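6 protein chains.
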Amino acid sequence: MQLSNLHIERIVRMALEEDLGHGQDVTSNLLIPAGAGASGVLRARQDGILCGLMLALSAFSLTDIDFDMTIEAQDGDFVKEGQIIASLTGPARSMLTAERVALNFLTHLSGIATLTNQFVEEIKGSGCEICDTRKTIPGLRMFQKYAVSIGGGANHRFGLDDAILIKDNHIAVAGSIDEALNQVKMLAGHTVKIEIEVDTLEQLQEVIDNGKADIVMLDNMSPADLKKAVKMVDGRMSTEASGGVNLSTVRAIAESGVDYISVGALTHSAPAMDIALDIDV
Amino acid sequence: MQLSNLHIERIVRMALEEDLGHGQDVTSNLLIPAGAGASGVLRARQDGILCGLMLALSAFSLTDIDFDMTIEAQDGDFVKEGQIIASLTGPARSMLTAERVALNFLTHLSGIATLTNQFVEEIKGSGCEICDTRKTIPGLRMFQKYAVSIGGGANHRFGLDDAILIKDNHIAVAGSIDEALNQVKMLAGHTVKIEIEVDTLEQLQEVIDNGKADIVMLDNMSPADLKKAVKMVDGRMSTEASGGVNLSTVRAIAESGVDYISVGALTHSAPAMDIALDIDV
Amino acid sequence: MQLSNLHIERIVRMALEEDLGHGQDVTSNLLIPAGAGASGVLRARQDGILCGLMLALSAFSLTDIDFDMTIEAQDGDFVKEGQIIASLTGPARSMLTAERVALNFLTHLSGIATLTNQFVEEIKGSGCEICDTRKTIPGLRMFQKYAVSIGGGANHRFGLDDAILIKDNHIAVAGSIDEALNQVKMLAGHTVKIEIEVDTLEQLQEVIDNGKADIVMLDNMSPADLKKAVKMVDGRMSTEASGGVNLSTVRAIAESGVDYISVGALTHSAPAMDIALDIDV
Amino acid sequence: MQLSNLHIERIVRMALEEDLGHGQDVTSNLLIPAGAGASGVLRARQDGILCGLMLALSAFSLTDIDFDMTIEAQDGDFVKEGQIIASLTGPARSMLTAERVALNFLTHLSGIATLTNQFVEEIKGSGCEICDTRKTIPGLRMFQKYAVSIGGGANHRFGLDDAILIKDNHIAVAGSIDEALNQVKMLAGHTVKIEIEVDTLEQLQEVIDNGKADIVMLDNMSPADLKKAVKMVDGRMSTEASGGVNLSTVRAIAESGVDYISVGALTHSAPAMDIALDIDV
Amino acid sequence: MQLSNLHIERIVRMALEEDLGHGQDVTSNLLIPAGAGASGVLRARQDGILCGLMLALSAFSLTDIDFDMTIEAQDGDFVKEGQIIASLTGPARSMLTAERVALNFLTHLSGIATLTNQFVEEIKGSGCEICDTRKTIPGLRMFQKYAVSIGGGANHRFGLDDAILIKDNHIAVAGSIDEALNQVKMLAGHTVKIEIEVDTLEQLQEVIDNGKADIVMLDNMSPADLKKAVKMVDGRMSTEASGGVNLSTVRAIAESGVDYISVGALTHSAPAMDIALDIDV
Amino acid sequence: MQLSNLHIERIVRMALEEDLGHGQDVTSNLLIPAGAGASGVLRARQDGILCGLMLALSAFSLTDIDFDMTIEAQDGDFVKEGQIIASLTGPARSMLTAERVALNFLTHLSGIATLTNQFVEEIKGSGCEICDTRKTIPGLRMFQKYAVSIGGGANHRFGLDDAILIKDNHIAVAGSIDEALNQVKMLAGHTVKIEIEVDTLEQLQEVIDNGKADIVMLDNMSPADLKKAVKMVDGRMSTEASGGVNLSTVRAIAESGVDYISVGALTHSAPAMDIALDIDV
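Residue numbers (numbering that gives the first Met the number 0), protein chains in the order written: chain A, 0 to 280; chain B, 0 to 280; chain C, 0 to 280; chain D, 0 to 280; chain E, 0 to 280; chain F, 0 to 280.
Just so you know, these hints were derived from the structure itself, not from any lab. Incorrect hints may have been included.
The list treats identical chains as interchangeable, and a pair is accepted whether it falls inside one copy or across any two copies.
Here are the simulated lysine-lysine pairs, BS3-like style, with alpha carbons at most 27 angstroms apart [stated by the list, open to error]:
1) K227 x K123
2) K226 x K211
3) K211 x K123
4) K166 x K226
5) K184 x K123
6) K79 x K123
7) K226 x K79
8) K211 x K79
9) K166 x K184
10) K166 x K230
11) K227 x K79
12) K211 x K227
13) K166 x K123
14) K211 x K184
15) K184 x K230
16) K211 x K230
Just so we're clear, the structure is a prediction, and the values are computed from it rather than from any experiment.
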């Protein structure tokens, strides 16, 4: 995935304005002369997968056009504690003003990429893929999903509009799985995929019999049931396990043979990765 | 703290539009008749401190004006697994459309309030207070800081503009701690507090000798050094410990006698609290 | 499809502000007393499919909360010349102020729905569906696609993000149809459909052999070739004809057996439907 | 007329964001390497008046700063089928991403300029001018009116605020044509022109007798009545015919001697002009 | 003039957000219980012309929907020191939060209306009108011009787009007054008035000879020259004096017989009128 | 204080769009050829303190990137009537388009800086400082406060969020000065200063006895009472006089020994400073 410049600029500008509040970095304005220069290096303080470098650098360049930046690592690189990510020189005042916003993006997105990567590594060789959910931090979905992809994960739908996901309540209103799928197949645009959530193997059989779903989400099933489910589906649609997934359960789930495992924690509970800006004024 | 309605409406509207993407909940539009009603309950799926209820409810009311809502718990309440937080009735389609945005706010902010509360409980009786930092998720700072206050924590400054925090780089440019403080005291508005960060007791002594700081941040000091620092300060300004704080170290730090402990993890690494919407269509 | 209230309000507010310019309806402000009332009826001046009523009514209610409105027809209704669509009573000044914006939405979207319906009627019984494209008027895509669906058409993708459409240039860079499809299948999220455009039956054969596309777009083929193409595909994926479609060619294309025909003219060249507001002051 | 850069940038940015939806061109991101270059030419696929080139080019430059563009034709030029309008080289991925937005502006505005020009050509030599109305597509009024001027038409008022247009309902509330004109003349700013709409020659006589109008709009009159009207007015104010104007009626209307003919269809019903981007990757 | 609700809401919301900064009235939140009520009266602290009441009241209602308000005076009323303008009851916390924004609008706009009125009174009986200019405070033009009209003044053009004003530099580029007027008359839309600025009676004669201007601005002329100018014009166009106008010079200027006198000070230098909110908690 | 580029660009863009209305400078577009160049100088037409130069220059550079500008004076300089502030060369059309917006910022902010400076000069040598209030023009607070600082004044709080100011109504609800201060001290963040307003020396004594306020605002006291108040406070907190301050009273107030005098008139009633753009086309 490539982030759009328009989206990067918009979100970074918003973050800078949030931090500036009424409009100034009062400390730096009082203590750092307008003309003073500084150099700095973005440096990992722990091991992890780097993500969000373009947002971090934009925080500096949107604050001041006079920064020179050299990139030493790329989004997706595994960086080690102490490793230099990028170095920059420019106005000292603006460097201090933009520092926190730059780091807030970088540490948050690298945290997501790193956690995603741990899940991905955990199921290595299983042929299964880790994917994200819509359980994201409001305002950052695109960027969080980008971080998941940088960490080696796949992206589930981006919103309510770009894929159909039929859940229990939709089925209840439609009357049955069969009716829900028929109705959706008839009415949905042909460029939209249809996914349906099931809790039991009986429900799964209904989905298989209907034949119109592209993906089935197997919700909160045991690895044993997942295995049966995969066998039942037999490649006729994609299978996705969800619910109760963590680093200690994910391997067993993956070995059930499902195609995808969706993990809300990637985006709603990833701890930040520690990255700092070492400044030399 | 009370959140402004204007800010709540703005952020919830943004989140709804993010989730709607090009503009529709395609699944619910296809499967739920326009006139169908539903009732639902927001229910805790784990113990924790509730936070963000007004944002969650706004997600429903901004999607559709036809919701009736009954509040069963308040921000700041400790809710138990299974406890009902609020119940709502209204149009089924809109309830499903707004569900994820409502929960994304509620689970994220309750996660922060809950983690904050764990820190607060950990140092109970010490006379010390837990506070937040500017290490927040871009776009949500006000709401995250609200969650910290709901969890029993105190708020550090909200941005670069509302308090002075002199760090090592500022001191380096100014020439010395003494010069930095003198310069700031002379130039800063009289309604703004002055905080300065020190790494050593020698630096602390300079700050004490100068006498112009309102708060001193004691960065990465051992509990033993913090104790000495508190003694040296002797009530002449507020003391704040920061760096390397986690749930297992915080008690020892608090017992050093410092007034405040600032914890970045409250806002950058709090796991979401599990809360769900149980819908009856 | 149901339009989101948030999107309706945003676009109508924008349109009202555009028409108010510096901020006033100078004629009505000078001539209509603040307290004067009026009644009006929205009336079709030609036969057609009504679309956009909610936007039209929002133009009045966002200008002034004091309107009473009675709806006499619904989006999707075929209305005859002279037929009343809705009646409203309220402040005369605001009715005159909002009139043009209300009509601009209503006539434009009804024009699209009506044109779409003509295409749909033209191919009635063929089993084929008419769908739209991304050739839309900037800023109105969601609303124009809504109008297509109201007119009986289907919606193609809403943007660059919600489905994959591999065109000649993508194939050229990838090296071949086979490589393009393999690459996309491997990297794309599992909730996203893959469509590929082909110009010749040879290319189509490559797509069929590869087997990873969900939809094939048959670009600018004669009805005869389309017929061959449909036979070759034999139900293994959806088929979509595009290029050179107009009301006199569409029937022959539909009878080739393709599943979908995409028509750019629906959204880029639909003439407005004539609808007026008859006011009684 | 010259379009303001601020307005161009705002509308093009909006259009790009609309097309990017959640934020990416998923096809191009998956298939086009970040470093790949491409060249392309904007080429007319039918004869017409070019309009909107600056918006089209902005779509590319706002997506990516690395485009080189050479302009081969200007807004207002009559371009022939096959003629090259502009050529560009730059990043292949961004060229594909921006293509549709660029073309949507260019084909829509050139369509309006071309249709306007047909009306203008139709009445050549009559001394009469074709002008637009407020019957525009919401959000694009300024750009549509620019296209009318590029096509050789004149601009009527841009909104409710920049000129007075007294219609039947205003007259009804004021009591009479005389009272309406007197009231407006007394209260309106001196920099604002006064136009009044009449349906009959009797009403026209009242307007003439009053003497305060700058322009009279002769609504839905036959060419014969228009001729009489022009004679009655005898140069004391501008005359504008409106209603029921199309390419087959416009010449007769113009020959009545009216100064202006306003045509809603220019902006609400102009078919797009076919223009394409031929890309070489 | 009537202010549009959309514009009022937008500007008041902006002002409230500006005052709330990161998002709270920290004092009131800490000291006023959420449920506490209060009553208050808006009261003039000096004599003057009231203006901006709807903006002031919107500051309260946008902060909290639970206000009851009684209006005791209207925009345009001459209020005496001590006179009650409006009374309100509602939540104490929100009343205190909105107070300053409400007053900032009310005192600024009433200040403009009052100053305008002083100019208007000063030239009473002369038949001349006072009007404003584009020398306004950025962001508030519409509201400042509304205040001028409330104070009894007339409005000059609202922006660069709604009337033509030819100044010395335009004339210099065009070559001569005659050429400038001819060019503009030929190219401008027929709904737009043409004003031209002259410094000397010789220039005025050129304007008169040309005959295409609707208004002539007589810049920085003495009352004696203005008198000659009015005689020369002899009713063939509107005359407007500008430059060096203040309360002691305005009467003499008005008595020269010019139709309008434009005064920049009305909007760029009007002192605020003193109005307060007396609160009873 | 340094203004943030982000804030400058946002406000200047807004002002340009306000002046352009529907989107064009109709006069310059009709009379100035696209390629014509011009040179101009910003020149003071009266003595005063320059302020807002960056905003003025941004008005030109945001309108057109092709301006060359040379700065001859800086914000804060005392400029004499006739002195050149900056010179610019660039496109004539854009120079005329941006002129008024540039001057509106420059004359308004220089007016504030100049008035502030008059107050500052008036109390020279007293050791007291002049500061601003929240009585500002909506939308311009940050810029007005910047102008106050440029004029030699100090800044009071920027909004409701960055300092606590306890007024009579807060005290009334809290029950007493003592309770209000205790409550605020206990609940407020440690980075926020506490100011309290008193009307009498008795109230002041309560504040002194409580000991928790950082600043006391002495409202509407006579110089004699202020003197007593300063003596009572005896350096234990900052003292601020407010109410009834003008250029003839300020010296006496300052000589009372108070630390700060807050003056609403600086931002709500400063007359514009006369500055012009002399253009050579």
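Point to revise | Intra- versus inter-subunit Cα pairing at 27 angstroms for K166 with K123 | key: Neither way: K166 and K123 sit 30 angstroms apart in one copy and 34 angstroms across, limit 27 angstroms.
Review point. For K184 vs K230, is the C-alpha pair at or below 27 angstroms within one copy, between two copies, both, or neither?
Key: both (24 angstroms within a copy, 22 angstroms between copies)
Exercise for review: Check K211 against K79 for me: Cα-Cα at most 27 angstroms, and say if that holds within a copy, between copies, both or neither.
Suggested key: Neither, since 47 angstroms and 39 angstroms both go past 27 angstroms.
Point to revise | Copy assignment of K166 with K226, given that the CA separation must stay at most 27 angstroms | key: within (22 angstroms within a copy, 39 angstroms between copies)
**Study point:** 27 angstroms Cα threshold - placement of K211 relative to K226
**Key:** Intra 22 angstroms, inter 25 angstroms, cutoff 27 angstroms: intra and inter.
Practice item. If the cutoff is 27 angstroms on CA atoms, where do K227 and K79 land: within, between, both or neither? Let me know, please. Key: neither (41 angstroms within a copy, 35 angstroms between copies)
Exercise for review: Please work out whether the CA atoms of K211 and K227 approach to 27 angstroms or closer within one copy, between two copies, in both situations, or in neither?
Suggested key: Both. Shortest intra-copy (20 angstroms) and inter-copy (26 angstroms) distances satisfy the 27 angstroms Cα cut-off.
Check your understanding: 27 angstroms Cα cut-off: does K211 pair with K123 within a copy, between copies, both or neither?
Key -> between (31 angstroms within a copy, 24 angstroms between copies)
Check your understanding: Between copies, within a copy, both or neither: which fits K166 and K230 at Cα up to 27 angstroms?
Key -> Answer is within: at 22 angstroms inside a copy they meet the 27 angstroms cutoff, but 36 angstroms across does not.
Point to revise | Intra- versus inter-subunit Cα pairing at 27 angstroms for K226 with K79 | key: neither (38 angstroms within a copy, 34 angstroms between copies)
**Study point:** Alpha-carbon proximity between K211 and K184, which holds within one copy, between copies, both or neither at 27 angstroms
**Key:** both (7 angstroms within a copy, 20 angstroms between copies)
Check your understanding: 27 angstroms Cα cut-off: does K79 pair with K123 within a copy, between copies, both or neither?
Key -> within (21 angstroms within a copy, 37 angstroms between copies)
In terms of the numbered hints stated before, the structure departs from hints 7, 8, 11 and 13, listed from lowest to highest.
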